[in-house]
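Take the given structure of chain A and dock chains B and C to it, following the hints.
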Amino acid sequence: MSVRYTEFHPRWYRPPMSVFWWAGRRSYLIFVLRELSSIFTAWSVVFLLLLVHAVSEGSRQYRQFLNLSSNPWMLTLNVITLAFLVFHAVTWFNLAPQAMVVRLRGNRVPRSAIAGAHYAGWALLSALAAWLILR
Amino acid sequence: MADRIILQVSRYRPERELEPTTQEYEIPLNEEWAVLDGLNHVKDTLDGTLSYRWSCRMGICGSCGMTVNGEPRLTCATFLTDYRPGPIRIEPLHNFPVIRDLVVEIGDFMRKLPQVKPWLIHGEDTAAPQSELLQTPADLDEYKQYSMCINCMLCYSACPIVGLEEDFLGPAAIALAQRYNLDSRDEGADERLDVLSTAAGVWGCTFVGECTKACPKGVDPAGAIQRYKLTAATDSLRSFLMPWRSS
Amino acid sequence: MAAEAGSVHDILVIGGGGAGLRAAIAAAEADARLSVAIVSKVYPMRSHTVSAEGGAAGVIKSADSLELHAYDTVSGGDWLCDQEAVEAFVAEAPRELLRLEHWGCPWSREPDGHVAVRPFGGMKQLRTWYAADKTGFHMLHTLFQTSLKYERITRYDEWYVTRLLVDDGRVCGVVAIELMSGRVEMIAAKAVILCTGGCGRVYPFTTNANIKTGDGMALAYRAGAPLKDMEFVQYHPTGLPFTGILITEAARSEGGWLLNKDGYRYLQDYDLGRPEPTPVLRSKELGPRDRLSQAFVKEVEKGRAIDGPHGPVVHLDLRHLGKEVITTKLPFVRELCLDYEGIDPIRQLIPVRPVVHYMMGGVHTDINGATPVPGLYAAGETACVSINGANRLGSNSLPECLVFGARAGQAAAEYAASAASAEPSIQARTQAADERRRLDGLLQRDGGREPISAIRTEMQQAVEDGAGIYRSADTLAKAIDKLRELRERYAVARIEDHSRTFNTEFVAALELSCMLDVADAIVRCAQSREESRGAHQRIDFPARDDTRFLANSLIYRGADGGARVEYLPVTITRWPPAERVYGR
Chain A
1 MSVRYTEFHP
11 RWYRPPMSVF
21 WWAGRRSYLI
31 FVLRELSSIF
41 TAWSVVFLLL
51 LVHAVSEGSR
61 QYRQFLNLSS
71 NPWMLTLNVI
81 TLAFLVFHAV
91 TWFNLAPQAM
101 VVRLRGNRVP
111 RSAIAGAHYA
121 GWALLSALAA
131 WLILR
Chain B
1001 MADRIILQVS
1011 RYRPERELEP
1021 TTQEYEIPLN
1031 EEWAVLDGLN
1041 HVKDTLDGTL
1051 SYRWSCRMGI
1061 CGSCGMTVNG
1071 EPRLTCATFL
1081 TDYRPGPIRI
1091 EPLHNFPVIR
1101 DLVVEIGDFM
1111 RKLPQVKPWL
1121 IHGEDTAAPQ
1131 SELLQTPADL
1141 DEYKQYSMCI
1151 NCMLCYSACP
1161 IVGLEEDFLG
1171 PAAIALAQRY
1181 NLDSRDEGAD
1191 ERLDVLSTAA
1201 GVWGCTFVGE
1211 CTKACPKGVD
1221 PAGAIQRYKL
1231 TAATDSLRSF
1241 LMPWRSS
Chain C
2001 MAAEAGSVHD
2011 ILVIGGGGAG
2021 LRAAIAAAEA
2031 DARLSVAIVS
2041 KVYPMRSHTV
2051 SAEGGAAGVI
2061 KSADSLELHA
2071 YDTVSGGDWL
2081 CDQEAVEAFV
2091 AEAPRELLRL
2101 EHWGCPWSRE
2111 PDGHVAVRPF
2121 GGMKQLRTWY
2131 AADKTGFHML
2141 HTLFQTSLKY
2151 ERITRYDEWY
2161 VTRLLVDDGR
2171 VCGVVAIELM
2181 SGRVEMIAAK
2191 AVILCTGGCG
2201 RVYPFTTNAN
2211 IKTGDGMALA
2221 YRAGAPLKDM
2231 EFVQYHPTGL
2241 PFTGILITEA
2251 ARSEGGWLLN
2261 KDGYRYLQDY
2271 DLGRPEPTPV
2281 LRSKELGPRD
2291 RLSQAFVKEV
2301 EKGRAIDGPH
2311 GPVVHLDLRH
2321 LGKEVITTKL
2331 PFVRELCLDY
2341 EGIDPIRQLI
2351 PVRPVVHYMM
2361 GGVHTDINGA
2371 TPVPGLYAAG
2381 ETACVSINGA
2391 NRLGSNSLPE
2401 CLVFGARAGQ
2411 AAAEYAASAA
2421 SAEPSIQART
2431 QAADERRRLD
2441 GLLQRDGGRE
2451 PISAIRTEMQ
2461 QAVEDGAGIY
2471 RSADTLAKAI
2481 DKLRELRERY
2491 AVARIEDHSR
2501 TFNTEFVAAL
2511 ELSCMLDVAD
2521 AIVRCAQSRE
2531 ESRGAHQRID
2541 FPARDDTRFL
2551 ANSLIYRGAD
2561 GGARVEYLPV
2571 TITRWPPAER
2581 VYGR
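Residue numbers (the working numbering), protein chains in the order written: chain A, 1 to 135; chain B, 1001 to 1247; chain C, 2001 to 2584.
Simulated from the structure, these hints should not be mistaken for lab results. Note that CB positions come from ideal geometry on N, CA and C, so glycine has one too. All clues given are correct.
27 Å max Cα-Cα, derived DSS-like pairs, lysine-lysine: (1) C:LYS2323 x B:LYS1144; (2) B:LYS1213 x C:LYS2329; (3) B:LYS1144 x C:LYS2329.
A few chain B residues that don't get close to chain A, going by computed Cβ distances all over 12 Å: (4) GLN1023; (5) TYR1025; (6) LEU1133; (7) GLY1204.
Excised from the complex, chain A in its bound form (with noise of 0.2 Å):
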């Protein structure tokens, strides 16, 4: 573990890296819970997939579904897993210009539009399936 100092041979010291590096900083912080939210985008997707198992099975399958979703624990997952969802498409939205440059008659479209575009894609999802879910 220690190694001599040798003349003419100084010993560097490499500083170890914690396996908690992410926990000292705000901004590795946030990170790590972005990655981390892919996780629950994963399941999110997962769900969705059930749903649409269980829609496709006939009524009795629905109604099954619709009582587990509505189990405590069940429900205390998908409300994180939606919170995961919004944190994670507004950091990755939030990003998108730093890794989109788009040019227009030469000049670069600013940030603000790029992700503006992006909100504006959720924004017009989002309300069509509401549409078609709630009418």
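Chains B and C alone, transformed into the frame defined by chain A:
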């Protein structure tokens, strides 16, 4: 009664200690002094044994990067008054081995840099060029931002992947590769693809984004890397779907 | 690069800045069999070339001609330039700048894609190529990144050369310290090229970085090569007070004005032309740097400068340029003013004053960078060919690095190809062993009285008092005495840090000894030259004296630590000495 401020400076003397320790110095809080001026005051009048790198003192040479109160900063462009009343914690840059006091070993970066071929690759014989390669101001704007890197290593200090993955090329090296890829005179994007589109290259980056926040020159290496991911991905998709097309 | 004990190369370049990198590339390209190495006390991208801002001059516009550039340079140098060298320089400058463009340098462009040029001080035509206002930065990084292509170039990063080894009158290598570990090694070479830059840190107030301590000049001086024109020290007219940070001449070439406390463009009182709203070439704010700095001193004497917290200043007014010009052409200037003065040049006046910037003098070389000592070459600010004479024009020094770096690399390659083996002789090994003993002794020195920093500060003040913008026999004699005293005090100075690992105090001590030698050369040459020419102004000899002093001064180190000054007449080929006229 003039203002004073305390500097808590990380010391490491490999001849006599296994780990860094902290030493405190009290210095005048001069309104115009950068943190570097404070360190120079310590070295010149209080403790000549403090070792650190510095040169231009105007934020262009990239020598004086250190961790100040937990953030990677250029100490010549960071002012004491910003930290009033102090104390100010000064440590070496993160993610690099420490040679001595505030001096870190950047040999790893120097070895990674040539791997991305950060030079203009242009087919024509340039032994005695007769005229310039034309480049409009718009062409120049495409890559100008990425050419501003002063190699200060603050981005490497900020990036957790650099600390976790030994092989990761890192933000500055990849941004510099992009600087050449986007240069209208360059023809070497293909050559760089093999080095960049790997786990040690862009795909090692998980877009933490700290590098861009730390960069004192507005290079936005995170943006450079994500843009390259798009390029590399579309490139491999294209060669998958249309293998007959030369990439 | 891990050096094995006793490495051997054909060519060794000391210094990894603009001149050093260009020399190494030239040597590597000249002969594929040669082993080329660069030794630098800092990583190459930290070299001071990086802070150059304004631009690099090279004739490319049809209205311009090589003859005009040469005349501007010769007259700017008050006829002390070697005219043959100047003609070669102006011819090669555009070629070198083009080569750099092909290597990727991001020169600023005109709308049609051609390289753009801007006006600069003392020049009759627009010929200064620029990369926004970070020309040196872009040039250095282009050179450094291009040098990475040449795997045959070995680099010794953060090695400090302490001595040149001379055997049988020829230079045969160096002794250097690896900063990281403290080990002292001999690196043998057939040819050595000094590209270590100038020595601005000899003065207390300078644009120069901490590393500009005249190491190469001292090494050459101690090895028997003469230093030339050391009395000519350029004060750049516009440096920020307190820090000394450079505000580029480009700010004036884009149209900035220098105003005294009455808001008056005072340069019109100094035979530099009548004020026009837009910049007029070779006039007023675009006059030569020596005349502008001298005008400042006169304004202070008349009580018309502004009293700032760090002494008198004048104002640089960029407000009339407008936001667009400042943010596109002078972004770095704006950044520096905001960070270090808390001032926005778009709306406020910038306080500026003259600051030591460049050494016209240096190691005496011929047109190919060769010094009188066989095997020893020099290029860049370290060398004095001389193309800058008594005063350098802005934007001539970056192409100087390229042109003479390339020439020196080429010449060294030819010399090395025909020279005998580089294996060090017994003589060389003995010298290296002596040097190692000396360095160890210095490092382990116990006791000692004053810290290095105290001696350094006093030296800087002595040189400024003795050899500032205006000098006299009296001030110079005092400076010589003071420097002698400081050398004695240096011999018993205190070294606190006895560590071998990255010992920056030890390096500072070695740098100080170089600075003391160089400072001595400066004041002695200034004392000898009894006339006023360009940047060397004597209150007791206010006129230019072509009968006695149309010659370069050469200073040789004496065996006893003294020195002798000789004169080498300037070869006048095309342009006989005339009156230096600006603004008319």
